[in-house]
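Q: Listed below, chain by chain, are the residues.
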Amino acid sequence: MKRVQFEHSTIPYMFVAPQILIIAVFFLWPAGQAVYQSFLLEDAFGLSSRFVWFKNYTDTIWSPSWLQAAWFTMIFSTLVTFLSLGLALLLAVKANQVIHAARTYKTTLMWAYAIAPPVAGLMGNLMFHPLIGDLYKFLNAIGWNFDHKLDSFDAGFVVVLISVWKQTSVNFIFFLSGLQGIPKSVIEAATLDCRNATRRFWSITFPLLAPTTFFLMVTNITYAFFETFGIIDTTTRGAPGGATTTLVFKVFQDGFRGADLGGSSAQSVVLMIIVLTLTVIQFRFIERKVHY
Amino acid sequence: MKIKNLVMAGVFSTASLMTSAAWSATDIQWWHAMGGRLGEVVNEIAEKYNASQTTYNLVPTYKGGYEDTMTAGIAAFRAKKQPNILQVFDAGAATIINAKGATVPVAELMEKYAGGFDIKDYISGVRYFYADSSGKMIGMPFNSSTPLLYWNKDAFAKAGVAGPPKTWEEFEAMAPKLAAAGYKALAQSHSPWIFSENFHSRHNLQMATGNNGYDSTDVKILYNNPHMKMHWTKVKEWLDKGWYGFYGRAWGDNQDAFVQKKVAMWLGSSGSFGGLTKSADFKFGASFLPYWKSVIAEPKGTFIGGAALFAMSGKPEEENKGVADFLKFLTSPDMQYFWHKQTGYVPITNAAYDKAKADGYYKTTPDAEVGIQQLNQPGGEWTKGYRLGYYVQIREVMYKNYENIFSGKSTVDEAFKAMETESNALLERFHATYK
Numbered sequence: 017m018k019r020v021q022f023e024h025s026t027i028p029y030m031f032v033a034p035q036i037l038i039i040a041v042f043f044l045w046p047a048g049q050a051v052y053q054s055f056l057l058e059d060a061f062g063l064s065s066r067f068v069w070f071k072n073y074t075d076t077i078w079s080p081s082w083l084q085a086a087w088f089t090m091i092f093s094t095l096v097t098f099l100s101l102g103l104a105l106l107l108a109v110k111a112n113q114v115i116h117a118a119r120t121y122k123t124t125l126m127w128a129y130a131i132a133p134p135v136a137g138l139m140g141n142l143m144f145h146p147l148i149g150d151l152y153k154f155l156n157a158i159g160w161n162f163d164h165k166l167d168s169f170d171a172g173f174v175v176v177l178i179s180v181w182k183q184t185s186v187n188f189i190f191f192l193s194g195l196q197g198i199p200k201s202v203i204e205a206a207t208l209d210c211r212n213a214t215r216r217f218w219s220i221t222f223p224l225l226a227p228t229t230f231f232l233m234v235t236n237i238t239y240a241f242f243e244t245f246g247i248i249d250t251t252t253r254g255a256p257g258g259a260t261t262t263l264v265f266k267v268f269q270d271g272f273r274g275a276d277l278g279g280s281s282a283q284s285v286v287l288m289i290i291v292l293t294l295t296v297i298q299f300r301f302i303e304r305k306v307h308y
Numbered sequence: 147m148k149i150k151n152l153v154m155a156g157v158f159s160t161a162s163l164m165t166s167a168a169w170s171a172t173d174i175q176w177w178h179a180m181g182g183r184l185g186e187v188v189n190e191i192a193e194k195y196n197a198s199q200t201t202y203n204l205v206p207t208y209k210g211g212y213e214d215t216m217t218a219g220i221a222a223f224r225a226k227k228q229p230n231i232l233q234v235f236d237a238g239a240a241t242i243i244n245a246k247g248a249t250v251p252v253a254e255l256m257e258k259y260a261g262g263f264d265i266k267d268y269i270s271g272v273r274y275f276y277a278d279s280s281g282k283m284i285g286m287p288f289n290s291s292t293p294l295l296y297w298n299k300d301a302f303a304k305a306g307v308a309g310p311p312k313t314w315e316e317f318e319a320m321a322p323k324l325a326a327a328g329y330k331a332l333a334q335s336h337s338p339w340i341f342s343e344n345f346h347s348r349h350n351l352q353m354a355t356g357n358n359g360y361d362s363t364d365v366k367i368l369y370n371n372p373h374m375k376m377h378w379t380k381v382k383e384w385l386d387k388g389w390y391g392f393y394g395r396a397w398g399d400n401q402d403a404f405v406q407k408k409v410a411m412w413l414g415s416s417g418s419f420g421g422l423t424k425s426a427d428f429k430f431g432a433s434f435l436p437y438w439k440s441v442i443a444e445p446k447g448t449f450i451g452g453a454a455l456f457a458m459s460g461k462p463e464e465e466n467k468g469v470a471d472f473l474k475f476l477t478s479p480d481m482q483y484f485w486h487k488q489t490g491y492v493p494i495t496n497a498a499y500d501k502a503k504a505d506g507y508y509k510t511t512p513d514a515e516v517g518i519q520q521l522n523q524p525g526g527e528w529t530k531g532y533r534l535g536y537y538v539q540i541r542e543v544m545y546k547n548y549e550n551i552f553s554g555k556s557t558v559d560e561a562f563k564a565m566e567t568e569s570n571a572l573l574e575r576f577h578a579t580y581k
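Line order of the protein sequences matches chains X and A.
The numbering used here puts the first residue of the first sequence at 17, with every later residue one more than the last.
The numbering used here puts the first residue of the second sequence at 147, with every later residue one more than the last.
Any given hint might turn out to be false.
[Said to hold, decoys possible] To be clear about the criterion: a stretch of chain X counts as covered by chain A if any three or more of its residues have a C-beta under 8 angstroms from a C-beta of chain A, and this derived list gives those stretches:
hint, stretch
1, 35-48
2, 262-273
[Said to hold, decoys possible] One side only, chain A facing chain X, incomplete, derived with CB under 7 angstroms:
hint, residue
3, Thr241
4, Ala245
5, Arg395
6, Asp402
7, Trp438
8, Ile442
I should point out that these hints are in silico values taken from the structure, not numbers from a laboratory.
Yeah, the Cβ is synthetic: ideal placement off N, Cα and C, and Gly gets one too.
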């Protein structure tokens with residue numbers, strides 16, 4: 017009997033090949049290297065190396081510094097994600113209602129999108145500078161005994177504020193286009209049914225925005241975990257007392273500053289697992305509630 | 147097409163004609179961490195060297211800060227593309243020296259190719275910092291500085307205080323007067339370097355077991371000692387009384403506080419002298435790092451900070467000869483004096499120091515000599531330096547705990563206990579990796 021088989025062409029494979037190659041070269045290969053390196057104790061110059069199973073993991077991950085960084089990262093990314101999403105949503109809803117000078121509002125709010133995190137950090141650093149910073153002086157003038165060089169809460173405030181500010185405009189753009197994608201007819205029908213604007217928002221608009229919100233949540237968590245590195249490196253550098261050290265900043269400190277390859281590889285593998293787990297959780301449990 | 151090729155060929159042949167002199171010279175790659183004005187001086191040194199001979203062509207490349215430069219050197223070494231000369235800073239010394247075979251000891255190199263080497267030619271404070279436990283110099287001290295006290299003469303006059311404190315006891319007596327005149331009495335820019343490492347050297351205290359780490363990698367840190375705890379209890383007291391200003395970890399922020407006349411005294415580096423001369427619009431002086439009379443009657447010298455030049459291994463003999471030749475040139479009295487005058491770093495050889503004295507340099511700028519005088523103060527058992535692994539991370543641990551002392555999050559005892567535990571864990575890791 018002749019088997020029915022469709023003609024296979026190699027062309028589709030050729031089309032995806034560049035993408036696969038890029039993933040392999042820039043993601044899979046380095047990730048594999050990190051996993052391999054995380055089982056070795058190797059001197060920085062690669063002259064001697066020893067396979068040590070999980071020593072790098074147990075050494076670095078049970079250290080008080082790592083645990084402190086992990087704890088801060090959790091709080092930090094939760095705050096940054098929810099604050100920047102919440103603020104952006106509020107601004108998008110308000111900007112969407114504006115009729116006069118709508119363009120100006122929108123452009124002004126999108127402005128910060130073009131700023132790279134390290135630049136945002138440098139600007140923040142100047143504003144919070146103990147000798148010349150205007151925000152530093154202002155906060156002290158209104159009675160907050162503000163000292164982010166020593167107070168861990170104040171330092172956390174600085175990095176959260178800058179990170180949220182930087183990310184809000186990105187979220188704003190997405191929320192605004194999400195809002196504009198909601199059919200007018202739905203909104204008008206809802207307006208006839210219910211006079212309470214707040215209720216209308218939560219029962220009609222917000223669910224319809226869910227796909228956007230979900231997408232932004234995933235990207236914002238990744239932002240808080242990784243991209244905020246540039247902000248922390250240019251502001252607090254993890255100080256005071258390690259209170260604003262995120263996990264990725266610690267990987268950098270130990271690997272790139274301290275030349276501990278095994279330890280920082282182990283940390284980056286753990287970080288990879290954490291982010292992967294978080295993303296899986298989001299897709300399994302939160303995405304179910306999202307209707308496209 | 148043809149015409150383009152012809153033109154290209156023409157360009158290439160002209161270019162090769164023009165550079166044929168340079169082509170016959172052997173390139174010597176030098177990766178350094180000297181930015182800004184210091185980088186300009188490095189380039190001037192390279193130009194002077196290249197003009198002085200035709201055999202070698204020295205190519206200096208700025209690679210970023212100290213850590214960036216070391217990381218770049220490490221990555222290059224692993225890819226077998228290492229430069230001939232790599233500048234490595236004090237805290238990274240253990241990493242490069244303990245990686246067996248990463249470098250060729252400069253003492254051997256100069257012995258072999260530069261007509262001999264005598265460690266006694268170098269001033270005592272810099273001699274052994276980058277040497278191995280037998281006293282063989284591995285890295286050539288390059289930019290060497292030492293912590294000094296800078297004091298604002300106008301502020302002192304305003305407060306009615308005669309001069310800078312020799313001891314911390316004297317400091318405590320004058321601080322209230324400076325506070326009354328509207329100044330924070332003191333700030334400093336590098337607590338691990340000034341208030342920890344050099345604290346031990348100045349008071350001749352042991353920093354770590356195994357001869358401060360020179361004899362072995364299997365060592366424990368000794369920072370958790372009563373003298374350090376006493377000092378930091380005092381510093382915290384000063385902070386609470388408003389005698390001590392903490393403007394963050396960054397070097398420049400604390401220096402700025404001094405320049406902006408917020409603090410009357412600032413502990414910085416002997417290398418800061420040149421910069422202060424330009425930025426401070428008041429009269430200031432440089433003085434020795436104070437000590438506790440209650441700990442030591444006659445203080446010892448301090449040791450150097452800064453960085454050294456290492457000759458990377460795995461290079462052809464011809465290039466190694468060039469490295470030796472350049473180091474000989476660099477350590478000549480003329481070049482050292484030039485470097486000293488241009489940057490404020492100390493001259494590393496006795497001959498260069500004598501030359502600066504003979505030239506009358508210190509008659510006109512006496513403050514430029516204070517650093518060398520301090521380095522030349524009598525040494526003790528524990529004043530030659532330290533060699534501790536993962537010291538970059540240990541400094542991070544120190545910063546962290548000092549901040550916790552300042553903020554009141556930890557008591558002094560708790561902070562030093564935590565520092566000891568975390569540092570020893572790092573040293574244990576280093577030992578397991580490099581043994």
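Q: Indicate, hint by hint, whether the structure satisfies it.
A: Hints, one by one, checked against the model:
no., hint, verdict
1, 35-48, "violated (count 0)"
2, 262-273, "holds (count 4)"
3, Thr241, "holds, 5 angstroms"
4, Ala245, "holds, 4 angstroms"
5, Arg395, "holds, 6 angstroms"
6, Asp402, "holds, 6 angstroms"
7, Trp438, "violated, 25 angstroms"
8, Ile442, "violated, 31 angstroms"
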